[in-house]
Amino acid sequence: MARRILLLLLSCVAIYLLNFFIPRLMPGDPFDYTASGSGEDVAVVYTQEQKEQLREYYGLDKPWPQQLADTVVRNLHGDLGQSIHYKRPVADLLLERLPWSLWMMGASLLLSLLLGVGLALVCVGTRHGHRILAPALSALAEFPPFLTGVLLLFLVAARVSWIPLSGAVTPFAQYASLWQQLGDILLHSLMPIAALTLVTCPKFFFTAWASFSSVLQQPYMVSARAKGLRRRRVWPFYLLANSITPIVARLFLSVGSAVGGTILVENVFAYPGLGTVLREAVTYRDYPMIQGVFLLSALLVLVSLTLADLCNHAVEREVEP
Amino acid sequence: MNKKTILTLLCSTTLALCMGCTASPPLSTPSNSDYSVSTLKLEGGTDWGAPNPFLCQSRGPGTAKMKLVYGSLLEKDEEGDVPWLAESWTVDGSDYTFTLFDNASFQDGNPLTAQDVAFTLDYYREHPPVSNSLGVGEDFLVDHYTVVDDHTITLTVDEPDADTLSNLGSFVILPQHIWSKVEDPYSYTGEGYLVGSGAFSCTQYDGATGLYEFTAYEGWCNGTQGTEKIQFIPVSDPLLAFDAGELDITSLPADLKDSYLSDPNIGLVDKANDMGYKLLINYEKCPEFLDLSFRQAVYAAIDRQSVVDNVFRGAGTVGSAGYVPQGNIFYNENVVQYDYDPQKAQEVLGDEHLSVTLLCGNSADDLAIAEIIKNGLTQAGMTVSVTAYDSATRDDTINRGTYEFALVGNGGWGNNPPTYMRTLFSDVSKFSGTNPHSMGAIGYSNAEMTRLAEGQQYETDFDQRLAMFQELELLVSQEIPILVIANQSTYSMYRKDYYDGWMKTYAYQQAEQNRLSYMER
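Sequences listed follow chains A and B, in order. Under this note's numbering, the first residue of the first sequence carries the number 1, and numbering increases by one thereafter. Under this note's numbering, the first residue of the second sequence carries the number 1, and numbering increases by one thereafter.
Just so you know, not all the hints are guaranteed correct.
Heads up, incomplete: computed chain B residues facing chain A, CB under 10 Å, no partners named [unchecked claim]:
hint, residue
1, G45
2, A50
3, S58
4, V130
5, G135
6, G137
7, L240
8, E246
9, L290
10, Q379
Using 30 Å as the maximum straight-line C-alpha spacing, the simulated DSSO-like pairs for lysine-lysine come out as follows [stated by the list, open to error]:
hint, chain 1, residue 1, chain 2, residue 2
11, B, K344, B, K285
12, B, K181, A, K87
13, B, K257, B, K496
14, B, K374, B, K285
15, A, K87, A, K51
16, A, K51, B, K285
17, B, K285, B, K257
18, A, K51, B, K181
19, A, K62, A, K87
Don't read these hints as lab results, they were simulated from the structure. Every residue, glycine too, gets a C-beta built ideally from N, C-alpha and C.
Okay, chain B solo, but in the shape it has when bound (with noise of 0.2 Å):
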């Protein structure tokens, strides 16, 4: 055999082994079955930890795959919570009823009692779990329980809000015959540590390839899911997977909006101004801004319809001074509004000098948000030096107390208002070196706007605490101590004429990770 057969014959099985023997993946094909739809392909990719909740990642696309697999007594919706495990719930004053489903069970066939939710929050109590809705220590939610029966357990807390409802109600239930024998569940990866409660079991997980997948549980006790299967697979670029018809759903970026939604068959999930962009001032460092006519003059000089138009590409909003994007049902739009006036702004700084140093993410949002600030106030006269740095940097430094002004962006901006809104605005409550995106203005006090961050957290009544609430939007604007810049919306694509379950709650507007998403409706 000389050379040239040996060569040839290498080439033509490598060729082979490239061409003829690959394994195909599967396709999207309408299923045969009870469900919808037989699969759901998604972006995976990244490993965002074992779906439990010791190993889960703490952000959203960790903590939603592992509420797939562990249900909750109640679920949210729409317009509110709504029964998951718990068919019914009561409450007394300080006492929280939840009625399980006569046929609640775990994945492996055992059956599910209020016995194991009472585990549930005495096994949470000493080993806290990621996502957790019951605080830790001195502050955890539940003063005591009473298992009424093996369907029936009643929570009591030391004093009740009007989050007390929903946070009972989100955290997962864990099999007591499981557990009861881990005595370290963030290291624990034995058997059963999979074994959920939730309406999908996890049946594929691998780290390294970001793989995941999620299969109907057939014994689930509250309704169909929507899809045999959810799948998380790796792709390099989603908007490519997604026209070679390897993603069900997937992110579209605002350029290419009018292009993909040319086509019928294509739907959107509209997150609207669920990113949110505000600049924090720290008053103890900069305490002319103490003065309320500096920080108008401050929202004055900024154009922040070129952020909207020029970074967002016309998806989003101007930010709204009472801090609440527009769109959201708590928005007051009486709040009032800034506009931009480079005049006035400086008429107000122009004589003053000031000089400060502008902290941002390098991300190229941030710095040509910051470039936008920077440009604006210099024009009004103050001097503006712009420093960047990676995300968890910049995060340190705020929390350190340790800038001036800093810029700061995260999504969330869509989901529940009144969690946020007391730890950014009530002295008493307001978050402090613990994270920038919920934290209060350093040095700056406001009694009042204590008053009705406080109060509207403790006011169970929903009209009053809206009216309270919009109260308190409105004193945000009027006193502005944080400065909202711009709001930008995001978008979710999808072919309807596959899968149209996708769904925002109230509370989240991330449809991928909502799992009613994944339901029978």
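In isolation and in its complexed conformation, chain A is listed as follows (with noise of 0.2 Å):
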């Protein structure tokens, strides 16, 4: 258990170091950035007199060692510095954004866990059924999210006059009830949570299915069937609490590709969460908003694969002799 923590640790540095540093190696600079299309022409290119202090007010006229002291210093007060493209404190944008894309990724990780589940059961409880489940969900796993999203968004939601085109909520809308807001919020997210879940499903049922054909094998499942049980008493307390494991594994080892899911779909639905944040601030070069973003993530993922390797680590001792 030490040993893990210390890798979570080592870790968590490693990917601190690189955080500060890649963006800072990235051809580029956030005061440079000029490209742009008709409809935002550049309104202000700055001289070097107002680059150099604007270099000295966000700390970049330091060198590199210094700047990371710096970073460390502020990060361990809770301060995650100033936005340059945003102008605000990155702690802020994030805690702002977090709770959207959070949403979206918890969301769209438990449908497809059920979808997944349901899927593996229909397999393995008909005949046939996975003749069709299985082309046709390794098939979707290999849809990219974005295209998912773009798909939806063009064959489904620009055809139903009910289902939002984009954004999180109404805008402007004025709410006569709580309930009213909720509901305003899942109608919004409707689609984006399905692009998810249909490119994440797929995990879950082959995840799920090996699980429950290997546990279909075991003897207590042919002295279960034998007893004359019923499938609704199987089901949960044989086949499913058996297979739970590598399940709950399989969903906290979806955490890191569900991240970048969510980062893209949120650009194809305008979604307000980290996704639109990140990307702008990689086009712009803004240093401590993509380190805040890369940090919050792959700590995300980190704390994810712990839990999983925890939930492998259980599996093994079961089956320990």
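Assembly of the complex is requested from the two constituent chains, each provided in isolation within its own frame, with the hints serving as guidance.
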């Protein structure tokens, strides 16, 4: 256990350092970005003197070791710095946007889990179910999340008037009650969550199917069936209970890909999570913002991987003689 | 209660939440009040920063929102400078005297006086705003000022030029009673940080969702607003949103122009030749091209009409060799024309065995244009390899001067050409290492070009300036230190039966960003 915690801490330090250096090693400069299309003409080009003033204000005029030391001290005090692009504290921006991303990620993972496990049960409960489900879900697993999002947008949302095309809430809406507000949020997240669920559920399906198939071969399952126990008792108490650990491990392992998928899908549906903020932070070389988003995502994934690891460890202990 | 009943209840509740209880977006309806319409809805969803002079983003949509909330002394219309917070002005040598409207006020009700203008100048000298027409440090435009009375102030500059009046009229005025207590405006979001001096007040701003709402300020001193509210709402696809009535104006792709314009209620804002692509040659890395015949051969080798037809889908024109796009009031019709002539190009370049790397951005249009350039030059006998990067990396490579040929595309060519021609073609003023869009050619110099580019800047008589400027264009078209590939037109469409106030100024074509678009005129 101690070794695992030590590994986790070392990974955190390595990621922290990478997060600091990689944005600064990227070509480009936060004060030099000038590319523009028609409609967002460059209104401002900083002079050399202005750029020097701005560098000094954001502490980017110092050598890298000094910048790193300042960043570490600031972060230890809970300050993630000031975003250069958004001109606001990074922590405030993350706190504003994280709940939207967590909601989308959490809801889609939960739905994927339920759908994947449900379809796996259909496979093991019917003779020919797998012939259709397995190839269909294999194909679905290969779809990139953003493409699924675009297809849902044009094929579903654009044709069904009550499904919103974008955003997280109805702009400038006045809600009569909390339920109305929750309903609005739920409706706006319908398409993004559906897009993520569709691409994530095959993972749960195949894990659950493999796990169920393995458990079904166990003597206690044969014994249960021989005793004449009905399916409604065998499935939850024998099949699901004994298959659950790898499925839960898959849940934690899926957090990493869900973070990536969420970032892409948010951009398709103009959903106000971390995805849009990360895209702009990278485009404009906003070092503190890039560091903040990556740090948060990395911590989320690391904790999930550790939990998955613990689940697998539990399985190993169970099968040990 | 059995499981089926529970499941049915759960589904019904979810459906009820989704379908029955959701808030309806407000519809665009004509206003019953003093304004032409109640609300104008535009594409939002991007956080362009809080709309104040220190927190807004530096790009057009960011500064435009800020300028709705904060007023400057002057504004621009189709012809030139017009009153905004200043009712009138006089110019006497280096002295520019502005008289404010008697009833000018800030959005918290405090009067806006000449002392506020003076305070703003002092404050900007210490804390330059994001969009800064005054310069910084020793280059600060205003040498000193004199507050004549509560409504009159005289600003004195060191060296007036043709743009001085516009620059002095462009900085936005801050309320002294709020900002005099603020030491760090770049992080200040306390009381009054959005109290402006403009025609609209910011009534909602949510950076996370990119939502903005601006409401007409009833105490505005100079005319009536055309709409009571301006809302920027997030959309996934602007065309779908326009069709669904969620937007009142949006961009129109060139391919769809005819189908939308067949509806007589759809109006069009034509941002003619506003986007442009040019080929930068680094003459320090490629000294062979200091030979004019080589540059002419490069022009002859590139099928620029193909860029217009295939990449811009017909929406645009072949670039003028004199740099200023066709249709602009500064465009000189007598500039040298370079036709596509692959045979002539091959005659000049065919035996030279020249090899170059062409740097470009990684957008679809950039790559398509780079491919056309590469094909033309390869056919002429050159060896060309294309290297594509994201915009920031491309800009950085150009700023550091470590390229040979570079393709650069940007908007704003339809704006005021004199403001960018000097930084491109004057040896003493040209940008180097700061901005690829208005950066001069590295390793090229021309004394006559410099004389004309500098001279037009200091010529305050418009007709004489125009004549000098067009002479500069002609010389540029003869020497072609920078090769303009093509200009692209972009369009916005709107429902003219609902609101028809969209306008372009003489210096800015983005109707959605011009504050006069939102005023009754």
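Against the structure, the hints:
no.	hint	result
1	G45	holds, 4 Å
2	A50	holds, 8 Å
3	S58	holds, 4 Å
4	V130	holds, 6 Å
5	G135	holds, 7 Å
6	G137	holds, 5 Å
7	L240	holds, 5 Å
8	E246	holds, 8 Å
9	L290	violated, 27 Å
10	Q379	violated, 29 Å
11	K344(B) x K285(B)	holds, 24 Å
12	K181(B) x K87(A)	holds, 20 Å
13	K257(B) x K496(B)	holds, 15 Å
14	K374(B) x K285(B)	holds, 18 Å
15	K87(A) x K51(A)	holds, 15 Å
16	K51(A) x K285(B)	holds, 27 Å
17	K285(B) x K257(B)	violated, 43 Å
18	K51(A) x K181(B)	holds, 25 Å
19	K62(A) x K87(A)	holds, 20 Å
Against the hints set out earlier in the document, violations occur for numbers 9, 10, 17.
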